[in-house]
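Peer 1: From just these sequences and the hints, can you work out the full model?
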Amino acid sequence: MSEVTRFTHGSRIPGWDQSTDPSKPAAAIPDPATTPVPEKLRAAIEAEIAKYPERRSALIPALHHAQEHHGWCSPEAIEQVACVMRLTPGEVAAVVTFYDMFESKPVGKNTIYVCTNISCSLNGGDRILAAMRNAAGDDPDFNIRGFECLGACDMAPMASVNGEYVGPLTDEDCSQVIAQLTAGETPLPAKQLSLRPCADAAGRTGGDGQ
Amino acid sequence: MSAILFDRIDEPGLATIDVYTRRGGYSALRKALAMPREAIIEELKVSGLRGRGGAGFSMGTKASFIPGAEIDKYLVCNADESEPGTFKDRELMQKKPHQLIEGMIISAYAVGANRSFIYIRGEYVLQAEMLERAIAEAKQAGHLGENIHGSGFSLDLVLQRGAGAYICGEETGLLDSLEGKRGNPRLKPPFPANEGLYKGPTLINNVETLATVPPIIEMGGAEYAKLGVENSAGTKLVSVSGNVQRPGNYEIELGISSREIIFGLAGGPEAGRSVKLWFPGGSSSPALTADDLDIPYDFDSLAKAGSMLGSGAIIVVDDSVRVVDVALKLASFYRHESCGKCTPCREGTNWTVNMLERVQSGEATPMDLDIIASVQEQIIGNCLCVLGDAMAMPVGSLVAKFRPEFEAHIEAARERNGLGASQPAVEQPVLTI
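Top to bottom, those sequences are chains B and S.
Heads up: the first sequence is residues 1 to 210, going by our numbering.
Heads up: the second sequence is residues 1001 to 1433, going by our numbering.
Rather than coming from a laboratory, the hints here were simulated on the basis of the structure.
Mixed in with the good hints, there may be bad ones.
Unchecked claim - Per the computed footprint, the stretches of chain B lying under chain S, defined by three or more beta-carbons under 8 Å from a beta-carbon of chain S, are:
#1 59-68
#2 95-108
#3 119-132
#4 158-169
#5 188-198
The C-beta atom is built at its ideal place from N, Cα and C for all residues, glycine as well.
Peer 2: And the structure:
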């Protein structure tokens, strides 16, 4: 079972059961004069905005850039995105908390999603998640999450290691992944999705052999 | 059968515009640009192509709903592919990105859309990179941009990555996400064809559907309609996974027997095991059993058997697996992914998980199974989108078809926990309003 808690009974908005101070004014769109935004991040977000007829459409790409820059969607990152997007921090935070890939707490720099959905769990996905956690121990550099179906059930049980799909995994592979990431190497180069041929092998490589 | 979507799929370099063009790519685009728009929609209607994302609605008919007026219109490709067990679009986008792009340009031309978007799930990093590269190549070659090949038709194509939410595969949830909001589904009608992205008419189709458009234009709708069976024309990519020996994507002609796919292509469960149950169209389709293996794999036959073709994802579960675990796994997924907008889905998925946990741990009685079944009935058809139904259909079917196993599990667990035998199931009074 995935342990990402988008759902708590009563509401899906984190903090719904915490009291707020109604005497405090709502946060407004951050003032560009007092909100420093790293130049690279600002340029990346503005390039995204330029792609769309309506600027708000660039919010999810903007948050991807901000997360890459800050490591997580910190209050500071949200403030900066809100400033460039011309939205309130509340509007941005509402989007951050909806999507599983946006981290609203600080996390390790290596993100590993282990699929624990139906097809992977039929092939030992839950065991792989435990093995991965076990291999990483309490190393703060690792952010290991049980994740919903990643769309690679043909290589079950599998994981997405810093965005790279690898599988099918064994328990030994998990310790290898952790060791390779710690050493700054590519994870399991022989088990990556990009090398995997199509299962439908009935001569789909082209009749003239080219 | 000759492959239409998986033709030469593993040829090195097919993802580049050079190889794709050398293999006949973008010739359908030139042919389409010389045709009147109505003629393209007519070809799509004649082809009998039904949406490959899950709903199975005729693509030509959907395209004909887009108003002809000179206003801003949009084409959106749904590449969110989050239905558990589905991974066919991933292979297409990674290995044949140009076929999707060509299909999108033809479809956008047919409905008069000048802006198009691909919304790809955030987890597909490699596929997003392949598409970005392919889009840049297509722009360079003049297939995208202003006045494409002198036709007077202009099209812009933007790729957007999602960020991990199953609900964004639902078309209106996807539109909200593309507009930079939480991916909450909208009330329908108005349907996206009338009021979609930025309140403009929007055609939304799945990756596989759009990638089928160039071959249809190339061979003609009537020729394509000869493939497959009545009401299920053409070929379909099926993703087979779970307890099979050769999991993967296979292109099949619709109407072949399900046994042929599960055993012939995917190798079936490993030796000594047998099929206990299987989901024919992703984890949200009602489960079928080993007795249903000879059903032809097409839209109508599966609907007649009480299930659906859905996204074409076949998940096979063998006899070593406990059905309670399958039901709980599915229900937990939908609880996590429910956006929380509609009460029957938000509460129904939550309480179904709670009840199934009771069943699993042995605190339940068979009466809980009646309550689980009634909760599923009350979810179906009562929400803005079908996420709740997507849990209710498989869980309801598992409880209905495997009730003796659920009951045996409860009794065994109660005995283990020293709780004693449960009360006999109470006959539910039937309320008529």
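Peer 1: If a hint holds in the structure, say so; if it does not, say that too.
Peer 2: Status of the hints after comparison with the structure:
{"no.": "1", "hint": "59-68", "result": "holds (count 5)"}
{"no.": "2", "hint": "95-108", "result": "holds (count 6)"}
{"no.": "3", "hint": "119-132", "result": "holds (count 4)"}
{"no.": "4", "hint": "158-169", "result": "holds (count 4)"}
{"no.": "5", "hint": "188-198", "result": "holds (count 4)"}
Comparing the model with each numbered hint stated earlier shows that all of them hold.
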